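Guided by the hints, dock chain B onto chain A, whose structure is given.
Chains as they are written, first to last, in my numbering: chain A, 1 to 95; chain B, 1 to 476.
Just so you know, the hints here were simulated from the structure itself, not pulled from any lab data.
None of the values given here were measured: they were computed from a predicted structure.
Ideal Cβ placement from N, Cα and C applies to all residues, glycine included.
One should not assume that every hint holds.
As the list claims (entries may be wrong) - The list that follows gives simulated cross-link-like pairs (lysine-lysine, DSBU-like), each with its CA atoms no further than 30 Å apart:
id	chain 1	residue 1	chain 2	residue 2
1	B	322	A	92
2	A	10	A	26
3	B	82	A	10
4	B	82	A	72
5	B	266	B	82
6	A	13	B	100
7	B	474	A	13
8	A	26	B	400
9	B	363	A	10
10	A	90	B	346
11	B	322	B	400
12	B	100	A	72
13	A	40	A	26
14	B	377	B	245
15	B	322	A	90
16	A	13	B	82
17	A	93	B	322
18	B	245	A	40
19	B	82	A	26
20	A	26	B	127
What the hints assert, rightly or not - Covered stretches of chain B, as calculated for chain A (at least 3 residues, CB under 8 Å):
id	region
21	175-189
22	370-383
Said to hold, decoys possible - Beta-carbon label-pair distances, calculated as ranges:
id	chain 1	residue 1	chain 2	residue 2	range
23	A	26	B	261	27 to 33 Å
24	B	277	A	29	46 to 52 Å
25	B	263	A	6	58 to 64 Å
26	B	322	A	22	41 to 47 Å
27	B	246	A	23	54 to 60 Å
28	A	84	B	221	51 to 57 Å
29	A	74	B	243	55 to 61 Å
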Amino acid sequence: MQITKDLVVKIAKLARIRLTDSETEKFTTQLGAIVGFIEKLNSVDTAGVAETNQVNGMENVLREDEIENFPKMNELIACSQHPLENNQIKIKKSI
Amino acid sequence: MNITALNLVETRKLLSEKKASAEEVSAAYWQRIAALDPKIESYLFVAQDQASENLTGSLDGIPIAHKDVFCAASMPTTAASKILENYVPPFDATAVAKLKQAGSVILGKVNTDEFTMGASTETSAFKKTRNPWDLARVPGGSSGGSAAAVAADLCVFATATDTGGSIRQPSSFCGVTGLKPTYGRISRYGVISMASSLDTIGVITKSVADAAIALEILAGQDVRDATTSSAPVEKYSANLHTDLKGLKIGIPREYFVEGLDAGVEKVIRAAISQLKKLGAEIVEISLPHTEFAVPTYYVVASSEISANMARFDGIRYGPTIKNEDAANLVEMYFENRTRGFGDEVKRRIMLGTFALSAGYADKFYKKALQVRTLIKKDFDAAFAGVDLIAAPVAPTTAFKLGEKIDDPVQMYLADIFTAPASLAGVPAISVPAGFSVNLPVGLQLIAPQFAEAKLLAAAHAFQTATDFHLQKPKFI
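Isolated chain A (complex conformation):
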C-alpha cells in the first residue's frame, strides 16, 4: 500500500511528534519501504489462527487490592522538572 506524505503527517500528529518538511519526506520514503517489507505477511494463510498476545500462557494474574504507600513519594515527584505544589506536578491547564 502507498504511504503518502499526508498519512505520515497524520500519524506523526497522533504520536505527538512534529516533523520538518525534509523529515516528512525522509520518513515517507522509509516508512513506505518498511510497510512494503511488512506486507510480506499477507502471503501467510492465517484463516482460523488465534492471535498470540501472551507468549508463556499466563492469564488473569490477580492480587488483593490492598493500599500501599510508595515510600519514596517525594523523591519520585522530584524527578519532574516542573514546579511542584502540594505533592503534585503543576502543568499547563488542559481544560
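Just chain B now, with coordinates in the frame of chain A:
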C-alpha cells in the same frame, strides 16, 4: 596477575582465597575503564568508588555494569535518550536489587541503542560504542555497551535486555556469551520497557558458567511484574555438563539460506560438528515460518513501542520546556517529544501508531499476532522431536559503523535469526564459536520455554571443548 581478565567463577575464587580484596578488584576495573573506555565508549556513566554493601552474598565484591535501561537508584538512567537526560530514578529495578543484595558492585551504566531500538548501538543519543575487536566496527545492538564492556574486560559481566536479538547479536559480534532466558523468567520491574510482550531480561558474560550463576540470582517470580513466571528456579550452575550424550539437536534448514555470510556459515557448520563430537545426535528440522519472523516482529514490537513511548512527555521525568513557553499542554507534548526522541524511536513510534490505527489494525497488527502464533507453533512442533536447536545468531559478523544506519530495512534484517525465538518466548544463548576474517561469530542454541537448565548445560559442554570464549581482542 591480571585481575580484569578473570571471569566470575575465577574472580570469586580469587576473593574467597583472599588473593585479592574486593577493593583491589573494583579498583582494577575502574582503572581499566579510565584507560580503555575512551577508545571503546561503552560506559555512559561511571559510578566511582561505589562500595559493596553486602559482603556475604554469592557476588561479594564482583564489579558489574548495567545496561542503561535498568533503573539503579541515585544513578542516571537515560535509555541513551535525550528525553531522559539526567533522569535519576529513586528506586532499583528488581534485577539491580537482586544483584546488589548478592553483593555486586555497580561500576556504572553502559550504552545501548536509544530505548533499545537498534542492532548496532548507533542510535544512542550520546555515544557510539565501538567493537573491541575492530574499533571501526559496531559492537552490535542494542546491548552493544554491555557486550563491548564484557569483551574488553571492563566489567565481570553486564545486565542486558533482548527483545528481538539485543543480547544475542552483540554477544556474537563481540565474542562473548549472551543469555536471553524465557520470557517471564526474570522480572522486568524497573527496566524501561520497549515492547512488553517481547522484552526479556538477560546477561552478557565471559562464560556460560558465569551466566548460569547470574541466572540463579536473577530468576524468579516478582509481585511487581505480573508477567513473571512461578516456574521453579533451578540450580543452573550445579548441573553443567561436559558432553552432549543423549541429546538430539535440530538444525533448522530455513536459517541456512542466501544472505547468510559464507564465512559465518563455515564457523557454524564447524560448531555443529563439534556438537556431534560431544555426543549429540544432529538432525535437520524445519521452522517453516522463519522468513515471516522479522516483519511480524517489527509490527508487534512497533505497536507495543508506540504505546510504551506515550509516557515520555517531559511531565514526570526528563527535560521539558517551561509551562510558560508552551501554548497549551498538547503543544508541550509535541515540543518535548520532538526534541527528545531520535530518528529510530520516531520511526518505530510512527510505524506502531500506523499499525494500530483505525482501518489498518486488522490488516497489520491482528495479522502479525496470528503469524506469531504460527511461528510459536513451529518451535513447539520442532521441540516435540529435538531437545535443542542450533543455528547462527546473525547473518554476518560485525559491520562497519555507519554502514547500515541509513537503511532501516537492512538494519532490521540483522534480526533474522534472533527474532523467531523472541516471538516464541523461548530461551536462547549465543556462545563464541569461532572467527571469520578475524571477527567473532556466535553459535545460537535455543531451548523450549523454561528449559534453561538443558540450554546452559549444553552450552557449557561446548565451551569446555572449545576455547573461542577465552580469546581476547588484541588491541588491549
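**Request:** List, from low to high, the hint numbers that the structure doesn't satisfy.
**Result:** 5, 6, 7, 11, 18, 25, 26, 28
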